[in-house]
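Student: Quick note, the sequences are listed as chains P and U, same order. Okay, so the first sequence: first residue is 1 according to the working numbering, each after it adds one. Okay, so the second sequence: first residue is 1 according to the working numbering, each after it adds one.
It should be emphasised that the hints constitute simulated quantities derived from the structure, not laboratory data. Hints are not guaranteed to be accurate.
Dumping the calculated SDA-like pairs for lysine to any residue here, alpha-carbon to alpha-carbon at most 25 Å [as the list claims (entries may be wrong)]:
1. Lys132(P) to Glu12(U)
2. Lys163(P) to Glu12(U)
3. Lys252(P) to Lys132(P)
The following label-pair restraints were derived from C-beta to C-beta distances [said to hold, decoys possible]:
4. Ile131(P) to Gly150(U): 45 to 55 Å
5. Gly294(U) to Asn183(P): 25 to 35 Å
6. Glu4(P) to Glu11(U): 48 to 58 Å
Note that the Cβ used here is the ideal one computed from N, Cα and C, for glycine as well.
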Amino acid sequence: MSKESIELAKKIRKTSVEMVYKAHASHIGGALSMADILAVLYSDVLNQKPEKPDWGKRDRCLLSKGHACVSFYAVLAHKGYYSVEALDTYAQNGSAFLCHTTHHVPGIEISAGSLGHGLPIACGIALGAKIKGEEFKTYVILGDGEMDEGSNWEAFLFGAHHKLSNLCVIIDYNKIQSFGNTNDVLCLEPLERKMKNFNWNVVSVDGHDHDALRQAFEAFNCENEKPTVIIAHTIKGKGVSFMENSLAWHYKSPDEEQYKQAIKEIVG
Amino acid sequence: MRTAFIKQLVEEAAINEKIFLIVGDLGYSVVEQFADRYPARFLNAGIAEQNMIGVAAGLAQEGYNVYVYSIGNFPTLRCMEQIRYDVAYHNLNVKIVSVGAGYAYASLGASHHATEDLGMMRTIPNMVVCSPGDPVEARAVTKISTFYAGPMYLRLGKAGEAVVHTDSLSDLHIGDIVPVVQKANASRAILASGSILDYAVKHERENTTDIYSIPFVKPLNREILCKIANTYKEITVLEEHQRSCGVGAAVIEQFSDLYEEGKISLFPKVHRIAINDRFSDVAGTQFYLREYNGLVL
């Protein structure tokens, strides 16, 4: 176990809950479900220079499920792209920290918010890198709900056809989308088999197990033919007991008591 | 116009290695000359337009000047949100190229009639909207597009449009409204946009009417519009597009702003010839459908 990623995950969760509490904002459930994915990516995987966000050789990390922005803003702050205090302006008048990720924030490659946009753009970036002979990798985090979007399935065809082995998709499969369980709204199963049949390199992992995530990213690095999709089985609201596996926390913002309880559980 | 476009693009790609062409599984007998010459910078993205625009945005993020080519509504309305958000909001160097403006694909039916695209495109921030009137304008606009590093929409006709201009328009600038026919003491002007320009020129041959082409629906050069407003008693805007949000609407919006700002003293009388809020549901040639839908002087 890497202590760094575990500590970073805690910081991401704590900062995320603080942001949502202060701003009375939504979408904390999906932000917490991908906190471990972000922690591993930014501790152990991505080759980036926070002091130089536009460094040409940086690995590109795109968040497609832009509504879960707080944990993405949080990880970038804790990695030094900007100060943690800068996040105090989140959702405030005039702030660049919108309630969906925006490319005007250092370290953020694309604005997101409308679903099903990230993967096609990531395909273009990965294709461009391949044509130019660039070594960097492109990562894109998708929500399970946005797998309903047809644009993603167009892109899954595209990625395999063009053998974008420099592209890694991570699906934050927390099983709850905006208005119900994924199995009830538009069932994705059998997802692993679907992805394999689309001719992708598929790795299924516990999305909260840092060692398993690291191994999955290793498997991506060893793949030279196919693009990789990591199906990360996660829990919506992970880390705060009363938020876990609850549709309500796609929308709700914690009151003071809930906030204190959430921080207590996260800090341990 | 599509031939003029591709010839110019092939020429520009020889000196600009950032030019990249993506097609949506269309372009037979047109784009091969680009694909054969620059295979590493050509891509058939398949019949998957939403992904196609996202891929174009990604390539543009990596420094390419990306042209996305397909028919009428497919690289536009079909993927409008990707154009708005991925391309325009990020202000990326992507050129959306549609062929078959207006009723160019006449008998193929409403699916292939591009009659709402200008309105949709011109409301999107950062987007330059081009509607060339003949192959000369198509070449000139294409050349300009290779230097302009931002989102642009090129609305092209199909093939075989008459050449209207006698010079090459080498000093054309974004926003220009181009005089095509100038007669002594004309009190009426026709402003035409798109390949219907040729019809206006031929129709007005015997009349004392000045004719201008509007190759850029957005932006419109306001100084030229001021001069036009101050010169003519009557102005007709002719377009192959819905009346709502079309070229005539764009011209009237500008006249209204200019009038409000005191830059013109009289609000000009503007007669709009455009499609009157209807789909065209009969077969026929492009010329027939124009007449059928009232696009006549």
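Student: All hints, please: hold or fail.
Tutor: Going through the hints against the structure:
no.	hint	in the structure
1	Lys132(P) to Glu12(U)	holds (20 Å)
2	Lys163(P) to Glu12(U)	violated (29 Å)
3	Lys252(P) to Lys132(P)	violated (45 Å)
4	Ile131(P) to Gly150(U): 45 to 55 Å	violated (22 Å)
5	Gly294(U) to Asn183(P): 25 to 35 Å	violated (53 Å)
6	Glu4(P) to Glu11(U): 48 to 58 Å	holds (54 Å)
Checked against the numbered hints given earlier, this structure breaks hints 2, 3, 4, 5; the rest are met.
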